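Novice: Start from the sequences, fold in the hints, and give me the full structure.
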Amino acid sequence: MFCPNCGKKVNDYDNFCKFCGHDLRDQEPVSDSDSNSYDYQSYEIREEHKPSKISVYEDTDIITSVEQSNEIETENQNEENEIVVYEIKKHYMALFWPIVFSPIFIAYFWIFYVNIPTFWGFLIAVLVLMPIIYPILRYFSDRAVITTSNLHIRQGAFNTEEITVPLNKIHLVRLRRSYLGRIADYGHLIIEKENSDKEITYRYIQDPDDVQFILGNPKAYITEYLK
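Following the working numbering, the numbering of the sequence shown begins with 1441 at its first residue and continues without gaps.
Just so you know, these hints were derived from the structure itself, not from any lab.
Given the structure is predicted, the values throughout are model-derived calculations rather than measurements.
Note that the Cβ used here is the ideal one computed from N, Cα and C, for glycine as well.
Any given hint could be a false lead.
Unchecked claim - In the PhoX-like style, the derived pairs of lysine-lysine whose C-alpha atoms are separated by at most 20 Å in a straight line are:
#1 Lys1609 x Lys1659
#2 Lys1609 x Lys1633
#3 Lys1659 x Lys1638
Unchecked claim - Across the chosen pairs, the derived CB separations fall in these ranges:
#4 Leu1577 x Asp1647: 21 to 29 Å
#5 Asp1650 x Val1554: 47 to 55 Å
#6 Tyr1579 x Tyr1553: 23 to 31 Å
#7 Glu1522 x Ile1630: 17 to 25 Å
#8 Pro1543 x Arg1617: 22 to 30 Å
#9 Asn1521 x Trp1560: 51 to 59 Å
#10 Trp1560 x Asp1649: 20 to 28 Å
Specialist: Structure (structure tokens):
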């Protein structure tokens, strides 16, 4: 057994501890198993109070996930409360070249339609007119608007492509303007997003300088617009 005072091992028949002199006559004997159980329990208690690295990481993950969820909720609220503050309109010069070359394509259409009076001849004639028809359809179908939080672009007549760019993610706004574009006041808008090498191009826009200024200073413009 073990001495309950100093914890050292003594004989079962000893009346006094030979190490510290403690009276063992009225003490209940402490067996090896009890001693080991006590040590093990005390060890478990110490381990429970010992800080764990894993729990720290889990707490960090929880905090991060809460912050991300708050950001997502804020973005969703902004999208639900979106207000269109500016519409980027197409310039009439988008129809300039189709109109200029329309007599040539109409002449080819007439030649195919007259010389091949079948369905296939009509289909070929329509395909010849596509360089005229498609830009006209694009002129009326393309649309771009600036809202309080995003830039929305829809392009295409048959296969429509919709692009949404958050205003705070726009990295660079450029304009490509020809000599004729400076005279007629139109240009092609080129946008670069953060962390993306792909450029977004929206062609033949009116008032390109105003659009570039708004996208370059969206907060100032939106605040002034909402006053």
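Novice: Against this structure, judge whether each hint is valid.
Specialist: These are the hints, each one checked on the structure:
1. Lys1609 x Lys1659: holds (13 Å)
2. Lys1609 x Lys1633: holds (6 Å)
3. Lys1659 x Lys1638: violated (24 Å)
4. Leu1577 x Asp1647: 21 to 29 Å: holds (23 Å)
5. Asp1650 x Val1554: 47 to 55 Å: holds (48 Å)
6. Tyr1579 x Tyr1553: 23 to 31 Å: This hint holds: roughly 25 Å between Cβ atoms.
7. Glu1522 x Ile1630: 17 to 25 Å: holds (24 Å)
8. Pro1543 x Arg1617: 22 to 30 Å: holds (28 Å)
9. Asn1521 x Trp1560: 51 to 59 Å: holds (54 Å)
10. Trp1560 x Asp1649: 20 to 28 Å: Since the Cβ atoms of Trp1560 and Asp1649 sit about 49 Å apart, the hinted range of 20 to 28 Å is violated.
Checked against the numbered hints given earlier, this structure breaks hints 3 and 10; the rest are met.
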